[in-house]
Amino acid sequence: MKKENTHQDKTSPFPDLEQRILDFWKKQRIFERVNAQTDRPQFVFFEGPPTANAGPGLHHVIARVFKDVVCRYKTLQGYNVLRKAGWDTHGLPVELQIEKEIKTKTKADIEQFGIAAFNAKCKQSVWRFKQEWDKFTERIGYWLDLEHPYITYDASYMESLWWILKKAWDKGLLQQDYKVVPYCTRCGTVLSSHEVAQGYEDAQEESVYVKFKVADSKHPDTYFMVWTTTPWTLPGNVALAVHPDIAYVWLKQKNSGSTPLTTGGSTPLTTDGTTYIIAKDRIQVLQDEYEIIRESRGSDLVGMRYEPMFPYIKNANPKNIENAFQVLPASFATATEGTGIVHTAVMYGIDDYDLGKRYALPEYHTVDAQGNFISDVALWANQPAKKSDPAIRQWLKDNGVLYKTETITHTYPFCWRCHEPLLYYAHQSWFIRMSVLKDRLIQNNELIHWVPEHLKQGRFGEWLKDVKDWAISRERYWGTPLPIWVCDRNPTHKLAIGSLQDLSRNAYQPNTYVLIRHGESRSNVEKYLAPWPEKENMVSILTKKGIQEVRLLAESMRDTHIDMIISSDLARTRQTAEILHKQFPNAELLYDERLREINCGIYAYQPESEYDAFYHATKTESLDALFSKKPENGESLSDVQIRMLAVVREYDAKYHGKTIAIISHGDPLWLLESKLVTHSLSQTWQIDGFALAGMKKFTSPNFPYNDQGEVDLHRPFVDAVVCACPVCGALMHRVTDVIDCWFDSGAMPFAQFHFPFEQIELGQDPNMLVVSGAEPLVVSGAEPLVVSGAEPVAYAKLMGNKLPFPAQYISEAIDQTRGWFYTLLAISTLLDVGPAFLNVISMGHVMDEHGEKMSKSKGNIINPWKIFNTYGADALRWYFYTLNDPGEYKRFSEKDMKGRAHQDLMTILNVLKFWQTYAPQKVDMAKAQATEVMDQWMNARMALLSTTVKNHMDAYRVYEASRALQEFIDDLSRWYIRRSRRRFQKPENADELMNVSAFCARMMLDFVIMFSPFVPFLAEHIWQEIRRRLQDQNQIPESVHMASWPALMKSGAEPPENINGSAPILDHMKIIRALAERILALRAKAVIKVRQPLGVVEIAQKQALSEELCAILADEVNVKTIRFVNRISEKSSCVVDSQGDSAIGLDTEITEQLKQEGIVRELVRTVQEGRQAMGLLPQDTITLYYDALGAFAFLKQYVELLKKETKAREVIFEKHQVAYETEMADGKEKLWIGINK
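The sequence shown runs contiguously to residue 1249 in our numbering.
Please keep in mind that the hints were generated in silico from the structure rather than gathered at the bench.
As the structure is a prediction and not an experimental result, all values here were calculated from the model.
Misleading hints may appear alongside valid ones.
As the list claims (entries may be wrong) - Derived PhoX-like pairs: lysine-lysine, alpha-carbon spacing no greater than 20 angstroms straight-line:
| id | residue 1 | residue 2 |
| --- | --- | --- |
| 1 | 292 | 191 |
| 2 | 878 | 902 |
| 3 | 557 | 506 |
| 4 | 183 | 557 |
| 5 | 670 | 641 |
| 6 | 191 | 557 |
| 7 | 183 | 480 |
| 8 | 1219 | 1240 |
| 9 | 878 | 925 |
| 10 | 998 | 934 |
| 11 | 115 | 133 |
| 12 | 183 | 594 |
| 13 | 292 | 225 |
| 14 | 450 | 480 |
| 15 | 142 | 96 |
| 16 | 709 | 670 |
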């Protein structure tokens, strides 16, 4: 495992800041407390499960942060957001990794290695990178419940999958069929259409134009010209296809004696005297002179015979061989490519196979399931078919049937995991008939809100219109087993299993187990523990009462047939067994040490209370820990379960249809019962134990158990479970297939909560759950199945009451339109419960800055940890949100991220630092009143921001929301803070400072609430820094992520008015800022610095502005007077800007007074730079020195102003020994300046 880059660029404060926030969240359990707000309305989010057999990369950042931003936003809106983590653990991705490690190349190698051992390695491998994934998830601020994830290999999860598949079977949607499917010869399994869609690549290949000779003496030396891109299929040819309505021509090529034309380096063979049949519109492929001698419709060619190019199928003489080697009509033969005549190998093409079925063509494989030619294909026997293309082309050329070759580039399907080219291969597989559900899929898609919107009818909608049946079975090992059992006697008898309960119900001649606890014994009366070995003078034997209890029990069982009695060998159970044996003398009596009392170690023969205290001390521990805990020298509850279950499994393997009494002790029987009925640990903890001389009956559970005694639905354990045929009573064995791992993830809305098993009432049959109460449950066309008189229950209603469904939001990358997005919709549609999700954001892939896909071979992979540790996770989050629309490709540029996203965050951090520098140490939020026009504008701006961001986020427009926040950052820093500096830095009095500090604090708190879904770390930092400076910290929540969305917006979309009820201040401030921009442009044009005051600006426009706004404008552009006029004066010193019906005139005349004020401003700026260079704080005072001589003598008039502006205690007009000195110039004269603290 690679270690993440731990180097930090100390130029950025965010990595350290974010680590402090992570520590704060963890210490204060902020996420756990937010997640515990179950009294709120629920917002349902589904996490698409990653596989933890490889580490996360940069592309995983974008997916996770787009999930997190919406979840955080909905939390601020008052929802309790379902944030359940999940892990995808099955399938080819995992298997192939293990195959590389154990160096297996075929499925036979795996089976020799051992399926159990192979699957055990698969199970271990999926957790190799879990710690790295968890750390990665935490580091980017993605809040997810990692402590309680759903795991697709859990038995409970897989049982839900079985239930769904059983529903598909009941509806007639799950069927076995023999058809052409995408097949990976390396992996030895069929793939589904959505898996194939993940693996298309552009490939360059040599196509061939070949000649099939007409088998008719009336047409000597006549050939059908045929084009194919798959030469390896030619040995399997059985027919040629033409379009009945297309025009075909018979033509001869003239032998001109010139060098034959070639395409792609090929050489046509001699054509002297040869006649070709080809589509009229495809003559151009001949690329030579020709003479048309005849024209026919395609229908006229139908029925013509031709000579097989290869003898192999004819020699094999398969069924229907008499129908082979003729021309047949087919609509898929077109004149848009090739020759208009299609070579048909029915076993290697979907259209070909359908044509073969229609005309009863022979079905004969020339290629085996490993992708090799069979031995009948003598020339290339046992050679990989696809890789034999060059050899086949050479044979075609040597035998005079190759007309030419042509290099083509086309899109070809490759295995999405091992990257081997796929074959379209006729194969028997199991399918879910999604084509039947096409209309419902399309209807459900109409209910989904897509971002980007075009995916709805585009990429996703078009996929649904052409939806294929789902090839659900995989001839592999590590996956959810397909729950179909087939009769040994009659393979047409099949049984679909939908639960563990189903397995038991359909067990083949199951045993019945009568569990009996011994009667009252000495240890029960005296309340001590009496395990093995039995202690002299403390042997626990039955009391008189106990003996009587057992006799009464035996009497009550007199009508029960008992074949065997198996007992613990302790004294009290031996006595019990002997009494029962008298009632059933024909039963075989055996003793088994595995049925003994629990070994309580150091608590043996000690008071029960001490042992109870040992377990009571662990009340706060998880049930897993509780069942694993063992006393010194003793055994755990789990240990007892394993040994007790081993007894039942042993006798199940030996006997069928027997009634077996098991006599044991209270705790062991309680623990065995939980295994026989597959209780969870929580259910086990809640069930009642066995009374003394108590009895309970159970049927053999018929469950698959692994070597640890756990119910394990995986292969090979499930393969050993047999059922009884419901039709003829014979043995049934499971088909060996597992299912597509995409079904696992697509079923997560249901399986993550073990639906319906955790939601139904105790004893209710999951098979009786139907779409509506009136719908009968029909199995394989039989009569409605009724179990134990149960009434059907509408599972849609059950879901509505107890299952978080559908998701109100999901998000993944664009490729999931053919993956998880589709399988989610497919399974929910199959169950008739509508779409599984209502809102989805689909992101474009992350590319490098040149638009290239990131890969190790190109060396352009970006390590996300390097970004985290250099710029922080917030910067990367903010970059992805603000870069472009989610659906567009993301060209990642570190330079761009640093220049834009990182700088935005630095701007906000600097606003906080400004506030921290000048605000009082304790701020009274009650003083947060908008007394100034800038505050009124900020109030209106915040209200507009709140409304804008909310509207966008409610519509899942994350990009637009982030850009609105980005614009506000600019307004905040470049306008509000800059125009409010005087009140912070040089307030008129303490009240003014408190007022602006409180107002700014309130504004910043509201802003970071809105900002927090996007940049959770910086928002939390700002919140905490302001909170600690408040007089009453408890007036706001402990964390920004525990806050509520700011209640600032007004109804409607119009900007709010200011507090005086005048026209909207936002519009007026826009005018002011636009005017300022134009005036500053005039200054630049006149080459006059902004620090140089000017006299007057004239503005000619229709709308006048208030005195307060004009004062802001005058200060911004550094002029004395703003004058509204009808017409701009024509002074020579006036520079003018005219735009539409608005004109501005700036008087550039600099009087002596204005010049002096400019020099004073320059002096103040120079002193401030000196203070900064000395590291002084704003409150630090200085002594200022300068030699006010010559042109600078006038400065003596500005002493009080200089004291105020520079925090100088005194100003001395002479040179002095100082800590800091500098100079400033006015023309040729220079002014010396000195500063002492």
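**Request:** Below or equal to 20 angstroms on CA atoms is what counts here, so check residue 292 against residue 225.
**Result:** Holds, because 19 angstroms separates the two Cα atoms, which is no more than 20 angstroms.
**Item:** Straight-line alpha-carbon gap residue 670 to residue 641, limit 20 angstroms
**Value:** With a Cα-Cα distance of about 35 angstroms, the restraint between residue 670 and residue 641 is violated, given a limit of 20 angstroms.
**Asked** Hey, residue 450 versus residue 480, does the alpha-carbon distance stay inside 20 angstroms?
**Response** holds, 9 angstroms
**Asked** Does residue 183 pair with residue 594 here, judged by a C-alpha cut-off of 20 angstroms?
**Response** violated, 53 angstroms
**Item:** Pair hint outcome, residue 709 versus residue 670 [Cα-Cα no greater than 20 angstroms]
**Value:** holds, 13 angstroms
**Message:** Hinted pair, alpha-carbon criterion (20 angstroms max): residue 183, residue 557. Please report holds or violated.
**Reply:** Roughly 57 angstroms separates the two Cα atoms, so the pair is violated.
**Message:** Would the hint linking residue 142 and residue 96 be met if the CA-CA limit is 20 angstroms?
**Reply:** holds, 15 angstroms
**Prompt:** Would the pair residue 998 and residue 934 pass a check requiring their Cα atoms to be no farther apart than 20 angstroms?
**Reply:** Since the Cα atoms of residue 998 and residue 934 sit roughly 18 angstroms apart, the hinted pair holds (cutoff 20 angstroms).
**Message:** Between the alpha carbons of residue 557 and residue 506, is the straight-line distance 20 angstroms or under?
**Reply:** violated, 53 angstroms
**Request:** Would you mind confirming whether the straight-line C-alpha gap from residue 191 to residue 557 stays at or under 20 angstroms?
**Result:** Distance ~71 angstroms between residue 191 and residue 557 Cα, so the pair is violated.
**Message:** Check the hint pairing residue 878 with residue 902 against an upper bound of 20 angstroms on the C-alpha distance.
**Reply:** Given pair residue 878, residue 902 holds - Cα atoms ~18 angstroms apart, limit 20 angstroms.
**Asked** Given the hinted pair residue 1219 and residue 1240, is their alpha-carbon gap at most 20 angstroms?
**Response** Answer violated: residue 1219 to residue 1240 is near 29 angstroms, above 20 angstroms.
Of the hints listed earlier, those the structure fails to meet are numbers 1, 3, 4, 5, 6, 8, 9, 12, in rising order.
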